[in-house]
Amino acid sequence: MEVLHAVFAAPFLDMADDPVFFLEVVIGGLMSGVMYSLVALGFVLIFKASGIFNFSQGVLALFAALTLVGLMTGTMPFSLQKVLPEFPPIIAIALTILVMIGIAFLIERIVLRPLVNQSDMITFMSTIGIAFVLEGVGDTMWGSDVKVLDIGIPSGNWVIGEMYIQIFDLWATAIAGILVIVLAVFFQKTRTGRALRAVADDHQAALSVGIPLKTIWVVVWSVAGLVALVGGIMWGSKSGVQFSLSLIALRALPVLIIGGLTSIPGAIIGGLIIGVGEKVSEVYWGPLVNGAIENWFAYILALIVLLFRPQGLFGEKIIERV
Amino acid sequence: MTVDPQTKTGGNLILEVENISLSFGAVRAIEDVSFSVIEGEILAIIGPNGAGKTSMLNVINGFYHPQEGQIQFGGEVRRQMRPYQAARGGIARTFQNVALFKGMTTLDNIMTGRNLKMNRWATNIFAAAFYVGPTRREEMRHREYAERVIDFLEIQAIRKTPVGRLPYGLQKRVELGRALAAEPTLLLLDEPMAGMNLEEKQDMCRYVLDVNDEFGTTVALIEHDMGVVMDISDRVVVLDYGRKIAEGTPDEIKSNQAVIDAYLGTTASSATA
Numbered sequence: 381m382e383v384l385h386a387v388f389a390a391p392f393l394d395m396a397d398d399p400v401f402f403l404e405v406v407i408g409g410l411m412s413g414v415m416y417s418l419v420a421l422g423f424v425l426i427f428k429a430s431g432i433f434n435f436s437q438g439v440l441a442l443f444a445a446l447t448l449v450g451l452m453t454g455t456m457p458f459s460l461q462k463v464l465p466e467f468p469p470i471i472a473i474a475l476t477i478l479v480m481i482g483i484a485f486l487i488e489r490i491v492l493r494p495l496v497n498q499s500d501m502i503t504f505m506s507t508i509g510i511a512f513v514l515e516g517v518g519d520t521m522w523g524s525d526v527k528v529l530d531i532g533i534p535s536g537n538w539v540i541g542e543m544y545i546q547i548f549d550l551w552a553t554a555i556a557g558i559l560v561i562v563l564a565v566f567f568q569k570t571r572t573g574r575a576l577r578a579v580a581d582d583h584q585a586a587l588s589v590g591i592p593l594k595t596i597w598v599v600v601w602s603v604a605g606l607v608a609l610v611g612g613i614m615w616g617s618k619s620g621v622q623f624s625l626s627l628i629a630l631r632a633l634p635v636l637i638i639g640g641l642t643s644i645p646g647a648i649i650g651g652l653i654i655g656v657g658e659k660v661s662e663v664y665w666g667p668l669v670n671g672a673i674e675n676w677f678a679y680i681l682a683l684i685v686l687l688f689r690p691q692g693l694f695g696e697k698i699i700e701r702v
Numbered sequence: 012m013t014v015d016p017q018t019k020t021g022g023n024l025i026l027e028v029e030n031i032s033l034s035f036g037a038v039r040a041i042e043d044v045s046f047s048v049i050e051g052e053i054l055a056i057i058g059p060n061g062a063g064k065t066s067m068l069n070v071i072n073g074f075y076h077p078q079e080g081q082i083q084f085g086g087e088v089r090r091q092m093r094p095y096q097a098a099r100g101g102i103a104r105t106f107q108n109v110a111l112f113k114g115m116t117t118l119d120n121i122m123t124g125r126n127l128k129m130n131r132w133a134t135n136i137f138a139a140a141f142y143v144g145p146t147r148r149e150e151m152r153h154r155e156y157a158e159r160v161i162d163f164l165e166i167q168a169i170r171k172t173p174v175g176r177l178p179y180g181l182q183k184r185v186e187l188g189r190a191l192a193a194e195p196t197l198l199l200l201d202e203p204m205a206g207m208n209l210e211e212k213q214d215m216c217r218y219v220l221d222v223n224d225e226f227g228t229t230v231a232l233i234e235h236d237m238g239v240v241m242d243i244s245d246r247v248v249v250l251d252y253g254r255k256i257a258e259g260t261p262d263e264i265k266s267n268q269a270v271i272d273a274y275l276g277t278t279a280s281s282a283t284a
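Taken in sequence, the protein lines are chains A and B. Reading the first sequence from the start, the letters are residues 381 to 702 in my numbering. Reading the second sequence from the start, the letters are residues 12 to 284 in my numbering.
Among the hints, a few may not be true.
Here are the computed lysine-lysine pairs in the DSS-like style, where the Cα-Cα straight-line distance is at most 27 Å [what the hints assert, rightly or not]:
| id | chain 1 | residue 1 | chain 2 | residue 2 |
| --- | --- | --- | --- | --- |
| 1 | B | K212 | A | K569 |
| 2 | B | K171 | A | K428 |
| 3 | B | K265 | A | K569 |
| 4 | A | K569 | A | K428 |
| 5 | A | K594 | B | K212 |
| 6 | B | K113 | A | K594 |
Incomplete in silico selection of chain A near chain B, CB under 8 Å [as the list claims (entries may be wrong)]:
| id | residue |
| --- | --- |
| 7 | I481 |
| 8 | K569 |
| 9 | R571 |
| 10 | R574 |
| 11 | A575 |
| 12 | A578 |
| 13 | D581 |
| 14 | D582 |
| 15 | A585 |
| 16 | L587 |
| 17 | S588 |
| 18 | G590 |
| 19 | P592 |
| 20 | K618 |
| 21 | S619 |
| 22 | Q622 |
Calculated directly from the structure, the hints in this document are not laboratory data. Since the structure is predicted, the reported quantities are computational estimates derived from the model, not experimental observations. Note that the Cβ used here is the ideal one computed from N, Cα and C, for glycine as well.
All chains, full assembly: derive it from the sequences and hints.
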């Protein structure tokens with residue numbers, strides 16, 4: 381009886397007791413959910429546009445953040461000495477974008493082109509390879525110590541009544557929102573966007589209407605690199621640029637399962653559900669099991685969704701004509 | 012040059028395939044085949060299963076690269092085509108087993124056909140990412156043409172339907188629409204009427220004839236339905252085991268002994284004789 385009370389009644393009584401604190405927890409959850417969504421978006425984009433599940437998305441984010449920090453601190457790649465001029469954030473970001481586009485070219489040339497017409501599983505495996513290579517190269521190029529990334533996003537708290545909201549989180553939300561709108565228009569309404577979706581559907585038919593596969597792949601991976609850069613900047617500024625950043629990709633997996641692998645709104649809402657769920661369960665149910673619910677909550681939720689809706693909450697239903 | 016209005020022979024050659032041989036390992040798919048396509052005609056390529064008809068289309072459109080021979084198209088002689096060059100040069104095609112972008116709507120599918128017609132500057136990625144004025148105008152302009160194709164094929168009602176949900180006959184029509192949207196000079200149709208019922212076949216015949224008539228588009232098609240072939244084509248090329256065994260007007264082909272043998276088998280024809 382006592383156990384039941386502790387699990388099913390006490391937490392809700394606590395919530396009702398101090399609604400302001402509850403709201404603060406929920407908002408905190410929403411904000412960290414946005415961060416998950418940012419990473420999940422990278423996966424969804426590549427998957428929608430090329431049919432490839434890109435395992436290296438997390439490492440791309442790490443690599444982008446490392447490059448950005450390196451440029452801002454004037455680090456010489458590979459020698460790790462600070463001999464180059466320190467670039468201001470805007471220029472460093474522009475240069476990092478160029479580097480990510482360069483990586484997209486390399487990936488197309490070295491990995492994807494020899495694998496044309498292979499099954500999706502093989503391209504998926506190759507992205508695991510890309511992840512390891514990039515992580516290794518990132519390590520030798522920029523060193524493995526934890527770096528501080530500050531591109532001038534305002535920090536501090538914003539106080540409404542008794543509630544504290546971190547201004548940084550608001551920025552993250554705004555940036556994620558803009559990113560999503562721009563990408564959605566790009567994919568739905570433009571020639572290149574349409575060409576991307578066409579290539580994902582049918583290589584041969586795409587070729588027959590004159591869509592050049594190579595260019596499209598470079599575009600897809602450049603967009604992935606760009607989204608990775610945004611994710612990398614946000615996570616990097618929040619918790620420092622370190623190699624565990626590449627593991628945030630694993631955090632994005634349950635988001636993808638919950639939201640559906642093919643849905644951009646799904647990635648966002650999935651991220652928010654997990655963010656809020658984690659925080660609320662940690663704060664109110666955590667003490668019952670001595671905490672650390674945050675670490676596994678997302679995966680349990682994903683398993684439950686898998687049981688009842690394998691395509692995710694917003695994923696495309698698989699249509700098959702028989 | 013004078014063009015015979017009945018057979019359209021004597022017109023300009025739009026495509027010349029010369030001594031093409033194609034093999035996959037030890038399998039000879041096409042052996043030393045030559046023929047030409049005359050501007051404005053409807054040419055049918057027929058033959059029993061495995062005769063190399065689809066391989067021939069794939070060679071013309073650049074999916075397969077022949078080991079020998081050359082292709083003359085748009086004033087250029089090439090050893091082999093590339094899909095991009097073919098599309099650029101005005102060759103559009105449909106596929107035997109419908110290769111549409113299944114998750115996209117009818118309209119989007121047809122808009123991909125406009126891909127090469129769109130202004131590259133106005134639709135470059137950076138402009139497109141922000142969907143600024145020129146991009147939007149360019150999009151509208153091509154949307155207009157796509158709507159004309161949709162009207163022509165009478166598929167207004169399914170404009171916004173994802174094509175994966177459409178019945179087979181309509182999918183074939185959308186695929187034709189995507190090819191037409193490219194304003195092709197040469198249209199390659201791989202079994203456009205396969206698997207259709209009589210009514211759908213009649214519609215499709217009408218569209219092919221109208222395209223040929225109204226837009227002057229040259230058509231090369233593969234078809235198994237002999238009634239259709241004899242009705243709509245100006246000339247027929249017959250392939251068998253990768254070789255060309257006959258070429259001529261439908262009437263000539265009907266009475267050609269080699270063709271009858273290929274379709275009925277040599278012994279069967281001698282038995283009936």
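We went through each hint and held it up to the structure:
1. Distance hint between K212 of chain B and K569 of chain A is unfulfilled; the C-alpha atoms sit about 34 Å from each other, more than 27 Å.
2. Proximity of K171 of chain B to K428 of chain A is assessed by CA-CA distance (about 19 Å); at most 27 Å being required, the pair is judged to hold.
3. Under the criterion of a C-alpha separation no larger than 27 Å, the hint pairing K265 of chain B with K569 of chain A is inconsistent with the structure, at around 50 Å.
4. Proximity of K569 of chain A to K428 of chain A is assessed by CA-CA distance (about 15 Å); at most 27 Å being required, the pair is judged to hold.
5. Distance hint between K594 of chain A and K212 of chain B is unfulfilled; the C-alpha atoms sit about 38 Å from each other, more than 27 Å.
6. Of the supplied pair hints, the one linking K113 of chain B and K594 of chain A holds, its CA atoms being roughly 21 Å apart against a limit of 27 Å.
7. Interface hint status for I481 of chain A: violated, as the beta-carbon distance to the closest one in chain B is roughly 10 Å, over 8 Å.
8. The beta carbon of K569 of chain A is positioned within 8 Å of a beta carbon in chain B (closest approach about 6 Å), and the interface hint is therefore held.
9. With 8 Å as the threshold, the beta carbon of R571 of chain A comes within range of chain B, its nearest partner Cβ sitting at about 4 Å, so the hint holds.
10. Annotation: R574 of chain A was flagged as interfacial toward chain B, and the flag holds, the nearest CB pair being 6 Å apart, inside 8 Å.
11. Interface hint status for A575 of chain A: upheld, as the beta-carbon distance to the closest one in chain B is roughly 6 Å, under 8 Å.
12. This hint holds: A578 of chain A has a C-beta 5 Å from the nearest C-beta of chain B, less than the 8 Å allowed.
13. At its closest, the beta carbon of D581 of chain A sits 4 Å from a beta carbon of chain B; the interface hint therefore holds under the 8 Å criterion.
14. Because the closest C-beta pair between D582 of chain A and chain B is about 5 Å apart, less than 8 Å, the hint holds.
15. Because the beta carbon of A585 of chain A sits about 4 Å from the nearest beta carbon in chain B, less than 8 Å, this interface hint is met.
16. Proximity of L587 of chain A to chain B holds as hinted, the smallest CB-CB distance being about 4 Å (cut-off 8 Å).
17. With its C-beta approaching chain B no nearer than about 5 Å, S588 of chain A sits inside the 8 Å limit, and its interface hint holds.
18. About 3 Å separates the beta-carbon of G590 of chain A from the nearest beta-carbon of chain B, less than 8 Å, and the hint is met.
19. For P592 of chain A, the interface hint holds, the least distance from its beta-carbon to any beta-carbon of chain B being 6 Å, beneath 8 Å.
20. Interface restraint check for K618 of chain A: the shortest CB-CB distance to chain B comes to about 26 Å, outside 8 Å, so the restraint is violated.
21. Nearest Cβ of chain B to the Cβ of S619 of chain A: about 29 Å, over the 8 Å cut. The hint is violated.
22. Taking 8 Å as the C-beta contact cut-off toward chain B, the hint placing Q622 of chain A at the interface is violated, the least distance being around 31 Å.
Hints 1, 3, 5, 7, 20, 21 and 22, counting from the list given before, are not met by this structure.
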